[in-house]
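2 protein chains.
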Amino acid sequence: MPKTNKAFEPQKETLINIALDIFIEYGYEQTTMTQLRKAFNLSVGGMYHYFSSKEEILDAIIQHGLQQAVEEVRGKLLEIPIEKKLYYFISDSSANDFAMKLYQYKDDNKNSLVAYKLREQNVNLFIPLVIEVFEESINIGLYKTEFPEELAEFSMLLAKAIFEASFLPEGNLEKRKRRVDALLHIFKTAMKAPEYHLKKLRLAFYFALESQHKFLNSKINNLEKKQ
Amino acid sequence: MPKTNKAFEPQKETLINIALDIFIEYGYEQTTMTQLRKAFNLSVGGMYHYFSSKEEILDAIIQHGLQQAVEEVRGKLLEIPIEKKLYYFISDSSANDFAMKLYQYKDDNKNSLVAYKLREQNVNLFIPLVIEVFEESINIGLYKTEFPEELAEFSMLLAKAIFEASFLPEGNLEKRKRRVDALLHIFKTAMKAPEYHLKKLRLAFYFALESQHKFLNSKINNLEKKQ
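Going down the list, the protein sequences come from chains P and U.
Those letters in the first sequence? Residues 0 to 226, by numbering that gives the first Met the number 0.
Those letters in the second sequence? Residues 0 to 226, by numbering that gives the first Met the number 0.
Honestly, I wouldn't trust all of these hints.
Where chains are identical, the list cannot tell them apart; a pair therefore holds if satisfied intra-copy or between any two copies.
[To be verified] In silico BS3-like cross-links for lysine-lysine, where the CA-CA straight-line distance does not exceed 25 angstroms:
hint: 1; residue 1: 84; residue 2: 187
hint: 2; residue 1: 11; residue 2: 199
hint: 3; residue 1: 174; residue 2: 143
hint: 4; residue 1: 213; residue 2: 176
hint: 5; residue 1: 143; residue 2: 83
hint: 6; residue 1: 174; residue 2: 218
hint: 7; residue 1: 105; residue 2: 191
hint: 8; residue 1: 191; residue 2: 213
hint: 9; residue 1: 187; residue 2: 159
hint: 10; residue 1: 176; residue 2: 37
hint: 11; residue 1: 143; residue 2: 105
hint: 12; residue 1: 109; residue 2: 53
It is worth saying that the hints were derived from the structure and are not from the lab.
Just so you know, these numbers come straight off a predicted model, no measurement behind them.
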């Protein structure tokens, strides 16, 4: 019996929430479709009505979590003056519970398919928002470039590469700061960003990197104490 | 009985070759350790002497294939005048049989763990070579920058993002050419690369993109004919 779209969607969200908890508990690779189907309390036919593979469930989880995160950031950006939007982008790390769980899973399983997919989609889904901010910045004369879209894409990818231990060889805090300086050198030369703006961006980047560094160090210390 | 390193290494290479063929035939996700162990003709203990997990075998395959590819490119670069090294980097697509098989597997399974790991390691393992080329280019006055290492890293990652349907949202040929232009704009402004050099880089990039495009189109046409 065909369901209406309206009845279908909230149900799917419930399934996605259950699935993420199972992946966190048992690991994505180890979880089977049968296990998920039983947790969903669905028949074989009912299951295939929603998802035809484990990877499809994973993709739905990632899309759902990131879409929520993007909407949240988009909402907040509306309240912020144009020039401050990029600083906000760098320094903000808030996210809803679902996305937080997902990011946590990624941090605990850095080389898993889940982590790779999430990192890639994270870049892809936030790019439209970064392009909007770049275009607004060009409109007010903050940046000058013929390549707003491409430089927004590049900046998003490079900023993610600086923060994540992925995309580029892992580096210590000093190395990451050098990468920030190199990225801001591109902002300065390729987009003619003014000095006061670069200074604020540098502060926001450094602050975010140092917070991340402290957070990771305290995590390592806690783990060592437990041993 | 402990083996000498000399006897150990060639044997491991044989196992890696067998494993890649099995991954290609059955898919990495579907292959089990037992299946690999039997193909290797090893006892359970013998197997764990070499590899303790399927992922370790995959990592060894990727390291082996890419290390060979890097050495091959490094050898060829020695024979090329400095200014032409970067054009060569962009336009060359030669690789040994093992690496070719591996790249083929990645192209056929774009969203697999194998593909993600290979793309990441491909960037990481080639970066030292790109840094060398950038530093030489600075020495002869072709590029001018305080950030040779970081801009070499960024350029490698961005060039890969332009060629691979990964890291950034997929784009058509025109979009990819715009990304090349934006990357060369960075070369021009952030590294003060001269106009004649940029023209040659652009030609090399466009040529490589068009070749890739034609190759993919003919592949799609062949698949459609078969249906």
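**Request:** Just pull the numbers of the violated hints for me, sorted ascending.
**Result:** 2, 7, 8, 10, 11
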